[in-house]
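Participant: If you want the building blocks of each chain, they are given just below.
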Amino acid sequence: MLDIKKQKTNSTTLLEVRNLKTSFFTPTGEVKAVNDISYYVNKKEIVAIVGESGCGKSVSQMSVLQLIQIPPGKILDGKIYFNGINLLEYKKNSREMRQIRGKDISIIFQEPMTSLNPVFTVGYQISDVIKTHMEVDKKTAWEIGVKSLEKVGIPDASQRMKYYPFQLSGGMCQRVMIAMAIVTRTKLIIADEPTTALDVTTQAQIMELLISLVRELNTSLVIVTHNLGVVTRYADRIYVMYAGKIVESGTTKDLMTKPMHPYTIGLLKSVPKVDQDEYLIPIPGAPPDLVNIPLQCSFLPRCSYNTDVCQQRVFPDLRTVDEKQHRVACHLDLGVQ
Amino acid sequence: MELTKTKEQLFLKRVRILFGRGIIVKICLVIILLFIFAAIFAPFFTTYTPTEQFLMNILAGPSKDHLLGTDQLGRDVLTRLLYGARISLFISLLASIGAATIGSILGILAGYIGGVIEQVIMRLTDAHLSIPPLVMSMVLAVLMGGDMLAISVVIAISVISTYIRVSDSLVLSIKENDYIIAVEQIGQKKWKILFKHLLPNCFPPLIVIFTMNLGVAIMIEASLSYLGLGIAPPTPSWGNMVADGYKYLIVNPLVALLPGFCIILIVVSFNIVGDGLRDALDPRLRGKL
Amino acid sequence: MKVKKTQNDPLLQVENLKKYFPFKRGFWSKQHIKMKAVDNISFVLNQGETFSLVGESGCGKTTTGRCVLRIYKPTSGKIYYNGKEISSCSEKSFKPFRREIQPIFQDPYGSLDPRQSAYSTIKEAVTVDNKRCVSVEIKDKVEELLLLVGLDPRMGDRFPHEMSGGQRQRLGISRALACSPRIIVCDEPVSALDVSIQAQIINLFKELQKKLNLAYLFISHDLAVVRQISNTIGVMYLGKIVEISDKKGLYNNPLHPYTKALLSVVPSTNYYLEKKKKRIILPGEVQSLINIPSGCPFNPRCNNSTEICRTTMPQLIEYENGHKVACHNI
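Residue numbers (our numbering), protein chains in the order written: chain Z, 223 to 559; chain B, 1313 to 1601; chain R, 283 to 612.
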């Protein structure tokens, strides 16, 4: 048995990630996908990690569960405290990690149709999860499965257990994934772009379902997405990522009403709004190459506030702006826009 | 002009990737090249002829005179392996090229034109595929005789259906791509679309199948010769060497095992190189994010 | 070719378009079911304007776009381009107009030949017609087209996989522009792009429309994007247009229950608005096109559905000033 040092934690913190670094070693060089990020999730909290493709948000979550493909990827550094224990002390395929995955921490992916095994029925897959983590027999597992499908709002649950994934719609499949996540009394659900592949009206249903379950079962939720609107509506706190680093963090209200990082400000100005005819101001340029990362702020080439200070200094640390834990990684002090 | 320079750069990059794919691919590529080299320059590697008999020295093990020993008629095994390589490689290359070219053309036309033509070609192919290749090649070999050209034709006919099937389905899937629709919309003529867009995108998978099929062709040739339906003795082919040699396994196993080993080695090498080729020919040039 | 003249001479006129796909249920079944992808829709598109078709997956908007491009042949109904009937005319008579209606696709990677460089892609579009062009003229024209969409001409020898999503989409637009089109059918052109790039491309679309007097048939599921670029919008559901209106009318005064629900669930970044907004969460899911409900196709999910909704299909009736809606209970 490994002698894991238990971290002295705040009793409300469920997950604390410190200085996580994950890179991918490719023929073109080392891709620093996650470049020293720290964040935390409290119990019963909904936290959002926002950013565009390539910013490292998905990789960071896969690192928490050690689902990174080991070559070419590698978790270089950092600590991931879950309920006080550093998960990175466990090996990737150890019994401890396998127990945590799917039971204490569950992950829901973007493509519901491909997250389920196409050659097994839905019922078989749910029962499988139940039997793996709870000591029950086949019949009981099936019954628990039916109840969990009912809980996620699938009509005719006992019939649907016998369906194959291709017979279900995208929304249904995502509900099944949620059912699989909650059935094991998960403490933390990580949802990686859970609604991107779904229709808008289905998106709303799935998000409402997820949020209501989370509140009812006292689970915490981490939503990883690029959709700022979804985040405004549902999240308690937000972390904004850019090029492998967290550039701004704080409560949803603070970030959406008083954004301070030029990237966040730029994103909010460039997102098309359904309630306004405002002219869009796009962020010029494109997300950066993660191989040759300059020492300065990685947003610099696209930043409209590009000053001498920014050119000369290295990447700014996250500094706290006010008492409510609004933090921003910027050399400048940008007020309300 | 900038454009042509890039094509060369691209080609070199691909070659580099093929070689960079890992030590195994490099080794197999070298093995194949060695075999080909040895086959072409066989007379330089041995002073004997493949049919020269040394009846005083039959089934001998490796010696100073005969590096790999002699067979049941006193013929030098090394010489026969080298000349046999010529036959086996030549036949399989000829058969594969023939099958690939004709099969691909038929399949691509079937997929692109569609309609009745496609139905006719594909149903004939289905019928053809229902006959096991070895059985078909046996029957054809009996009908057509045992010389090199005939055997090549026999093998080509046996494997052609794979190419027709694969290229038809390739064209069908590529046809659905948005860029083909876009090119049709800009008013490009149908035959130009076929040659400029469809064919080049069909090539990589077909080339890979080709390299893997080379191995199959060698196996069929070896099997035919083993069964006595292929290349007739005394002309050496790896297949008939195994056939002759297995009777003397106890006395001198090398006579049967060495040609068998050559067959295995080259078939495996073709397969591994085919794998490497697939990566190298991917326009996305694997490894670039 | 039949010619039809109307009063205002819209550039594109779609009348009672229907596209059904036959679908055989099971191998032994004699039942031929028709998948009614597009079921009797009509709209017009004027020069220099944008008409958007909005709806969720399976509503028929993409199929409509493909019928306009003549990728599909309509089951019935008529499409008029500049007064000329193009839905059922021969390939030969359509040929001179083919280049005037160009597509832009959703997937910027799939819409480019992976083995063709950027320069080669545009060159092909330019030289398809004018074989007599001198090579210097071609080079100039290609550079001009690349600059028009904001691409550096030095990127000419890059291949699609060496370009970002935004750059690929610009290249696709450039190829469409190479044909000097009058109508561009845009099928979800920004859905696959990153948020910060979407705005760039939307602005590019608007700029090009003004500069070149282009007409867009804009197909999207995103009501926020559509608001940025449209003049008139048609909301589709299960193959039918349920509401059609100019931009102001649709967003300020949505009438159809489906439109209202759609607008209420599009998440907004306006914090205070989001907290106050009343969301209409529709029950159930979008039905499959094989099992379209009788009467109004939306009735199983509608809060206000009454007896008549289940039996009779509502017609598109003008409510006010060009704002039409198909509902029994307005």
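Just so you know, the hints here were simulated from the structure itself, not pulled from any lab data.
Just so we're clear, the structure is a prediction, and the values are computed from it rather than from any experiment.
By construction, the Cβ of each residue, glycine as well, lies at the ideal position given by its N, Cα and C atoms.
Treat each hint with caution, since some may be false.
Unchecked claim - Below are the DMTMM-like pairs computed for lysine to aspartate or glutamate, each with C-alpha atoms no more than 25 Å apart in a straight line:
| id | chain 1 | residue 1 | chain 2 | residue 2 |
| --- | --- | --- | --- | --- |
| 1 | Z | K495 | R | E444 |
| 2 | B | K1508 | R | D411 |
| 3 | R | K557 | Z | D299 |
| 4 | Z | K495 | R | E589 |
| 5 | Z | K409 | Z | D544 |
| 6 | R | K529 | R | E602 |
| 7 | R | K355 | B | D1591 |
| 8 | R | K559 | Z | D499 |
| 9 | R | K559 | Z | E430 |
| 10 | R | K560 | Z | E238 |
| 11 | Z | K296 | Z | D511 |
| 12 | R | K316 | B | D1459 |
| 13 | R | K559 | Z | D511 |
| 14 | Z | K491 | Z | D544 |
| 15 | B | K1504 | R | E338 |
| 16 | R | K493 | Z | D499 |
Stated by the list, open to error - A few chain Z residues that don't get close to chain R, going by computed Cβ distances all over 12 Å:
| id | residue |
| --- | --- |
| 17 | E252 |
| 18 | E311 |
| 19 | E318 |
| 20 | H355 |
| 21 | S391 |
| 22 | H448 |
| 23 | T454 |
| 24 | Y464 |
| 25 | D476 |
| 26 | L477 |
| 27 | G488 |
| 28 | R524 |
Participant: Each hint needs a verdict: does it hold in this structure or not?
Facilitator: Structure-based check of each hint:
1. Z:K495 - R:E444: Judged against 25 Å, a Cα distance of about 31 Å means the pair is violated.
2. B:K1508 - R:D411: It holds: about 16 Å lies between the C-alpha atoms, which stays within 25 Å.
3. R:K557 - Z:D299: violated (39 Å)
4. Z:K495 - R:E589: Measuring from Cα to Cα gives roughly 37 Å; hence the hint is violated.
5. Z:K409 - Z:D544: violated (30 Å)
6. R:K529 - R:E602: With Cα atoms ~13 Å apart, K529 of chain R and E602 of chain R stay inside 25 Å; holds.
7. R:K355 - B:D1591: This hinted pair is violated, its Cα atoms lying about 40 Å apart.
8. R:K559 - Z:D499: holds (18 Å)
9. R:K559 - Z:E430: holds (14 Å)
10. R:K560 - Z:E238: violated (35 Å)
11. Z:K296 - Z:D511: holds (19 Å)
12. R:K316 - B:D1459: violated (59 Å)
13. R:K559 - Z:D511: Status violated; Cα separation ~39 Å.
14. Z:K491 - Z:D544: Judged against 25 Å, a Cα distance of about 23 Å means the pair holds.
15. B:K1504 - R:E338: violated (37 Å)
16. R:K493 - Z:D499: holds (21 Å)
17. E252: holds (20 Å)
18. E311: Check passes; 36 Å lies beyond 12 Å.
19. E318: holds (37 Å)
20. H355: holds (30 Å)
21. S391: violated (6 Å)
22. H448: The claim is violated: H448 of chain Z sits with its nearest Cβ about 6 Å from chain R, within 12 Å.
23. T454: violated (5 Å)
24. Y464: Violated: least Cβ distance 10 Å, not greater than 12 Å.
25. D476: Violated, because the least Cβ-Cβ distance between D476 of chain Z and chain R comes to about 9 Å, which does not exceed 12 Å.
26. L477: violated (9 Å)
27. G488: violated (7 Å)
28. R524: Answer for R524 of chain Z: violated, closest chain R Cβ roughly 8 Å.
Comparing the model with each earlier hint shows violations of hints 1, 3, 4, 5, 7, 10, 12, 13, 15, 21, 22, 23, 24, 25, 26, 27, 28; every other hint is respected.
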